[in-house]
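A.B. asks: Working from the sequences, and respecting the hints, build out all of it.
Protein chains: 2
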Amino acid sequence: MFQTPFMRPERTPRQVFDFAVDQAIECDRLGFTEYWIGEHATMSWESITNPELIIAASARQTQKIKLCPGAHLLPYHNPASLAAQVAWMTHVTEGRYILGIGSGGYPSDAKLRGLKDMSTNHKRTTEALEIMKNVWESKPFQFDGEFYSAGYPENDEHHEYRSTAPYGGKVEIGLAGLSPNSPSLSFAGRNGYNALSVYAGEAAIANHWNTYEQAATEAGISVNRENFRVVRDVIVADTDAEARKLAVEGGIGKAWMEYLIPVYKQFGLLQAMLPDMDMADVTIDDIVEKVWIVGSPDTVAEKLSAVCEATGGWGTTLVYGHDYLDDVKPWNYSLQLLTEEVAPKMA
Amino acid sequence: MFQTPFMRPERTPRQVFDFAVDQAIECDRLGFTEYWIGEHATMSWESITNPELIIAASARQTQKIKLCPGAHLLPYHNPASLAAQVAWMTHVTEGRYILGIGSGGYPSDAKLRGLKDMSTNHKRTTEALEIMKNVWESKPFQFDGEFYSAGYPENDEHHEYRSTAPYGGKVEIGLAGLSPNSPSLSFAGRNGYNALSVYAGEAAIANHWNTYEQAATEAGISVNRENFRVVRDVIVADTDAEARKLAVEGGIGKAWMEYLIPVYKQFGLLQAMLPDMDMADVTIDDIVEKVWIVGSPDTVAEKLSAVCEATGGWGTTLVYGHDYLDDVKPWNYSLQLLTEEVAPKMA
Numbered sequence: 001m002f003q004t005p006f007m008r009p010e011r012t013p014r015q016v017f018d019f020a021v022d023q024a025i026e027c028d029r030l031g032f033t034e035y036w037i038g039e040h041a042t043m044s045w046e047s048i049t050n051p052e053l054i055i056a057a058s059a060r061q062t063q064k065i066k067l068c069p070g071a072h073l074l075p076y077h078n079p080a081s082l083a084a085q086v087a088w089m090t091h092v093t094e095g096r097y098i099l100g101i102g103s104g105g106y107p108s109d110a111k112l113r114g115l116k117d118m119s120t121n122h123k124r125t126t127e128a129l130e131i132m133k134n135v136w137e138s139k140p141f142q143f144d145g146e147f148y149s150a151g152y153p154e155n156d157e158h159h160e161y162r163s164t165a166p167y168g169g170k171v172e173i174g175l176a177g178l179s180p181n182s183p184s185l186s187f188a189g190r191n192g193y194n195a196l197s198v199y200a201g202e203a204a205i206a207n208h209w210n211t212y213e214q215a216a217t218e219a220g221i222s223v224n225r226e227n228f229r230v231v232r233d234v235i236v237a238d239t240d241a242e243a244r245k246l247a248v249e250g251g252i253g254k255a256w257m258e259y260l261i262p263v264y265k266q267f268g269l270l271q272a273m274l275p276d277m278d279m280a281d282v283t284i285d286d287i288v289e290k291v292w293i294v295g296s297p298d299t300v301a302e303k304l305s306a307v308c309e310a311t312g313g314w315g316t317t318l319v320y321g322h323d324y325l326d327d328v329k330p331w332n333y334s335l336q337l338l339t340e341e342v343a344p345k346m347a
Numbered sequence: 001m002f003q004t005p006f007m008r009p010e011r012t013p014r015q016v017f018d019f020a021v022d023q024a025i026e027c028d029r030l031g032f033t034e035y036w037i038g039e040h041a042t043m044s045w046e047s048i049t050n051p052e053l054i055i056a057a058s059a060r061q062t063q064k065i066k067l068c069p070g071a072h073l074l075p076y077h078n079p080a081s082l083a084a085q086v087a088w089m090t091h092v093t094e095g096r097y098i099l100g101i102g103s104g105g106y107p108s109d110a111k112l113r114g115l116k117d118m119s120t121n122h123k124r125t126t127e128a129l130e131i132m133k134n135v136w137e138s139k140p141f142q143f144d145g146e147f148y149s150a151g152y153p154e155n156d157e158h159h160e161y162r163s164t165a166p167y168g169g170k171v172e173i174g175l176a177g178l179s180p181n182s183p184s185l186s187f188a189g190r191n192g193y194n195a196l197s198v199y200a201g202e203a204a205i206a207n208h209w210n211t212y213e214q215a216a217t218e219a220g221i222s223v224n225r226e227n228f229r230v231v232r233d234v235i236v237a238d239t240d241a242e243a244r245k246l247a248v249e250g251g252i253g254k255a256w257m258e259y260l261i262p263v264y265k266q267f268g269l270l271q272a273m274l275p276d277m278d279m280a281d282v283t284i285d286d287i288v289e290k291v292w293i294v295g296s297p298d299t300v301a302e303k304l305s306a307v308c309e310a311t312g313g314w315g316t317t318l319v320y321g322h323d324y325l326d327d328v329k330p331w332n333y334s335l336q337l338l339t340e341e342v343a344p345k346m347a
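So the sequences go chain by chain: A and B. If you're matching positions, the first sequence starts at 1 in UniProt numbering and goes up one per residue. If you're matching positions, the second sequence starts at 1 in UniProt numbering and goes up one per residue.
Heads up, some of the hints might be wrong.
Note: identical chains are not told apart, hence a pair may lie in one copy or across any two.
Taking lysine-lysine pairs in the DSS-like style, the calculated list, with each CA pair at most 25 Å apart, reads [as the list claims (entries may be wrong)]:
#1 K245 / K329
#2 K139 / K116
#3 K116 / K133
#4 K329 / K254
#5 K265 / K245
For the record, the hints were derived by calculation from the structure and aren't laboratory data.
C.D. replies: In structure tokens, the structure reads:
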């Protein structure tokens with residue numbers, strides 16, 4: 001699951017926090033393998049300031065699921081402080097951890113941190129990651145970059161310093177990509193990191209895999225479809241009609257109508273998801289039929305299989321989390337059908 | 001309680017994390033009013049990288065106790081990111097939150113963040129706090145300081161930004177002081193913040209109160225002893241002999257012998273705690289008798305009352321947390337005796 005979170009703006013931070021932790025517990029119980037949590041400071045719908053807070057609260061109440069910040073926006077933190085925290089959390093989760101990194105897409109998140117334009121964000125991200133890797137080596141170093149400095153002390157007579165090495169010696173890393181020929185997915189490929197394709201139409205999924213694989217190949221690294229995840233909106237119910245109602249009238253419908261459609265139109269993404277349509281003609285039916293994956297277990301399995309076939313496939317489907325706080329039962333039942341009914345048909 | 005934490009260096013982060021959360025739950029159950037958690041990135045004994053992680057994991061499992069980062073070291077974070085996270089956590093705890101702030105005392109923590117000397121730490125702290133207060137106003141602003149920039153966006157046609165105002169509109173703040181005429185406690189007094197006197201002998205407690213009260217009076221602010229906390233090492237058992245054994249042979253003894261005595265000697269603090277002694281002559285008995293507060297409920301109540309009388313008193317006693325992970329029962333019983341037997345004698 002990918003818990004962005006798409007929680008309605010009127011929800012309190014405590015409601016957002018509780019819902020996110022409860023969903024982590026539910027996903028773990030149902031056998032989901034990964035739970036990603038977004039990070040934003042200024043967005044009214046995507047409103048978790050630090051995904052590690054959800055991870056900390058979930059660590060003791062889950063057993064198997066990986067808990068993944070998705071993504072820490074590197075230009076907005078002191079990279080050495082973040083690296084130390086990340087290493088610590090890999091131990092707290094006993095290795096059930098993939099670090100998502102990003103350079104920050106929203107101008108308001110940048111403005112909050114005093115960045116007046118975002119042109120340096122990618123360079124800051126690369127430099128921050130370099131520092132973080134140094135911190136995880138847990139050996140004395142000194143790094144003086146264009147944006148940040150960091151170092152690690154030699155032990156002295158009074159102090160033996162704590163290891164800042166991660167659990168198992170290595171932090172597993174993932175990057176999400178959304179745009180065509182995504183630079184983030186190239187970067188992931190070049191470094192052998194995991195890739196998340198944020199849904200922007202079927203053409204994008206194929207393009208994202210090619211971008212990722214090509215960069216990896218050029219760097220002499222072997223990646224496979226198991227490293228490749230696709231993030232989708234999915235709703236399952238016993239019948240197509242019930243699933244449609246749960247989607248359109250529920251949290252996913254509200255999020256799209258009130259937040260995502262305007263945003264996706266602004267960035268040309270809705271057009272990418274519906275390449276054959278005139279945006280003026282798009283109705284909610286088009287979105288139900290052609291963008292979301294909605295239906296009975298059979299319908300959803302068929303639709304997912306068709307997308308796999310058209311795009312070459314992927315290792316893990318990440319389902320977007322949505323705000324079903326007022327009545328969580330049908331949403332959790334959708335998750336259950338997805339694991340118990342849909343997944344076996346896909347194997 | 002003040003969970004620095006003094007956990008042995010060989011403890012894993014997961015053990016430190018679980019012990020800290022379990023202690024928060026136990027302290028809440030016993031009626032403790034505040035639970036402070038330290039923040040350090042490089043220390044082998046004081047090894048929690050971000051106290052909010054403990055607070056997040058404790059928020060759902062505690063009811064009344066205030067959960068307090070003590071302290072966030074402001075020069076080591078992006079102040080706007082920290083401010084947004086702090087505001088969010090005041091809501092997650094539904095107001096059970098006091099923000100401890102500090103400027104960072106350990107050179108290794110500074111070196112990790114690329115600060116080659118610490119001479120700017122105090123100025124960075126003041127500027128970071130200024131930015132954080134601006135963020136908590138949750139109104140458009142632009143701040144360009146000597147060390148940091150930050151801002152808050154105007155709403156635009158596509159986005160209504162999320163409030164970054166804290167629960168109840170205000171963040172309660174506390175500062176800890178250790179040195180004579182502590183600049184931190186002056187700062188706390190001038191701003192009407194809470195004060196924590198970290199134990200450095202009885203003379204220091206009296207000095208700390210005077211420093212704090214005088215700064216407040218000069219600023220035209222009224223503070224009282226209720227705002228004043230003293231942090232001490234305390235162990236209670238049914239008899240003096242049992243308490244002594246639990247202290248000397250347990251976590252508190254280990255922390256002092258292996259970590260704190262060398263550190264306290266280095267900074268002249270042990271001399272301040274034992275002003276009439278030659279440091280070469282100090283034995284563990286001196287520390288049990290004159291530095292820690294150890295004994296039966298009657299003994300501990302007498303000792304605490306004597307210190308109160310000698311120093312003018314304080315509002316809240318904060319007990320240092322210690323590593324009783326291998327057998328937590330006698331330690332928790334000590335906490336229980338403190339609340340059930342000692343506290344009523346002090347009222």
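A.B. asks: When no copy is specified for K116 and K133, does a C-alpha distance of 25 Å or less occur within a copy, between copies, both, or neither?
C.D. replies: between (27 Å within a copy, 20 Å between copies)
A.B. asks: How would you label the pair K245, K329 (within, between, both, or neither) given a Cα cut-off of 25 Å?
C.D. replies: Intra 14 Å, inter 54 Å, cutoff 25 Å: intra-copy only.
A.B. asks: State whether the alpha carbon distance between K329 and K254 is at most 25 Å within one copy, between copies, both, or neither.
C.D. replies: within (17 Å within a copy, 51 Å between copies)
A.B. asks: Should K139 paired with K116 be assigned to within, between, both, or neither, using CA atoms and 25 Å as the limit?
C.D. replies: Only across copies: K139 and K116 sit 17 Å apart there, 35 Å inside one copy, limit 25 Å.
A.B. asks: Treating 25 Å as the Cα threshold, decide for K265 and K245: within, between, both or neither.
C.D. replies: Result: close within a single copy only, 24 Å intra versus 70 Å inter.
Hint violations for this structure: none, all hints satisfied.
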